[in-house]
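In the order they appear, the protein sequences are chains H and G. In terms of the working numbering, the first sequence opens at residue 8 and continues consecutively. In terms of the working numbering, the second sequence opens at residue 8 and continues consecutively.
No lab work stands behind these hints: they were computed from the structure. As the structure is a prediction and not an experimental result, all values here were calculated from the model. Among the hints, a few may not be true.
Identical copies look the same in the list; a pair holds intra-copy or inter-copy alike.
[Unchecked claim] Straight line, CA to CA, 30 Å or less: simulated DSS-like cross-link-like pairs of lysine-lysine: (1) K24 <-> K123; (2) K202 <-> K94; (3) K24 <-> K102; (4) K102 <-> K123; (5) K202 <-> K123; (6) K202 <-> K96; (7) K94 <-> K123; (8) K202 <-> K102; (9) K96 <-> K123; (10) K94 <-> K24; (11) K24 <-> K202.
2 protein chains.
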Amino acid sequence: MHDFSQSFRDEFADLLKWRRDVRHFRTDPVDPAMLARCLATFGLAPSVGLSEPWRIVSLTSDIIRQTAIANFEAANQQALAGYSGEKAKRYAGLKLSGMRQAPVQLAIFCDEGTDKGAGLGALSMPEMRRYSVVAAMTQFWLAARAEGLGVGWVSIIDPAALTRALEVPAGWALVGYLCVGYPEEDHTTPELERKGWEVRAGGLDILER
Amino acid sequence: MHDFSQSFRDEFADLLKWRRDVRHFRTDPVDPAMLARCLATFGLAPSVGLSEPWRIVSLTSDIIRQTAIANFEAANQQALAGYSGEKAKRYAGLKLSGMRQAPVQLAIFCDEGTDKGAGLGALSMPEMRRYSVVAAMTQFWLAARAEGLGVGWVSIIDPAALTRALEVPAGWALVGYLCVGYPEEDHTTPELERKGWEVRAGGLDILER
Chain H
8 MHDFSQSFRD EFADLLKWRR DVRHFRTDPV DPAMLARCLA TFGLAPSVGL SEPWRIVSLT
68 SDIIRQTAIA NFEAANQQAL AGYSGEKAKR YAGLKLSGMR QAPVQLAIFC DEGTDKGAGL
128 GALSMPEMRR YSVVAAMTQF WLAARAEGLG VGWVSIIDPA ALTRALEVPA GWALVGYLCV
188 GYPEEDHTTP ELERKGWEVR AGGLDILER
Chain G
8 MHDFSQSFRD EFADLLKWRR DVRHFRTDPV DPAMLARCLA TFGLAPSVGL SEPWRIVSLT
68 SDIIRQTAIA NFEAANQQAL AGYSGEKAKR YAGLKLSGMR QAPVQLAIFC DEGTDKGAGL
128 GALSMPEMRR YSVVAAMTQF WLAARAEGLG VGWVSIIDPA ALTRALEVPA GWALVGYLCV
188 GYPEEDHTTP ELERKGWEVR AGGLDILER
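Bound-form chain H, shown alone (with noise of 0.2 Å):
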């Protein structure tokens, strides 16, 4: 049995503090083997049936990241045209992606064909194979900032434009799109909130049955 010390919850509540969906990165690159080390905590992830049914594609020639970065710029335009009036004036001026600066960027899709778990778990609730995605995504953004990295989810994005352009195999649907790099500045407040589209409330109602 392993037991974790106070200290190290207090650490761990900091981490989840200063975790944040960073857009603003320097262009300086990531040491391959610090990268390697936070996508090693995929493979410690749950996994429905243990499937482990994440797949990574990293984009690193310039015209897959042109295209990446049409799709989300056509993605948010039609975002954009759904706002009228002072909220659509705060929209246009938000930064909703780093695709232009940061050094890493990883598209992870879901294989949701995968053989491996034999179902278990998945015959009601097929969705939990895109959760476990989701899971492992989740522990490599913690794992990240430890190291000093931000991430940012871009899902402003044409998933099955996407999916095309990078040529995956059949049966991977696009879970999210990771931009990772060093971020330009660090804070416990959410971008959003900073920028005054929405507060964090925080709270958890709790319902009983």
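Go by the hints and put chain G onto chain H.
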């Protein structure tokens, strides 16, 4: 800027190694203050557009717990029917939920219709709200383990039937059912691997594009 030490990173790696999907619980109660500390991590989780879409139902009455157990057992019978021969025998021998023992049981929902965040980041990938809930559940899972508590995620559930039985507000979608309590034993190896169902690979192939 908050720097994390190598010793913290080492212990965080231990936390990931010792986190398990627990199905064998002691029945003694969990200190409510400890549980509240773990649940407070939800408020620090990343959420799309700062939508904070997580909603929690604590199952405390005998009758609703019996309903949840019956739901699991029916889903489990259906899943068993999909296997044959040796695999069916092995499936039938697995303990896939701690719902008869775990002192704390939480149904975790996503409020798909929340206005909070004004839809930012969720137009092209509306599943991002549910993914935000999964990220929060992952943080809770790790915080609980750091307190010595075990968490087991039950996905062998008919989510529509459980949602109806819990009489939650319209628009809430079940993301997962968590059993929480002190584990009967601790391991660094997943139970499904110890029981011969599947082997953890742990490796990570990364495609380059």
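| Checked against the structure, which of the hints given earlier come out wrong? | Every hint satisfied by this model.
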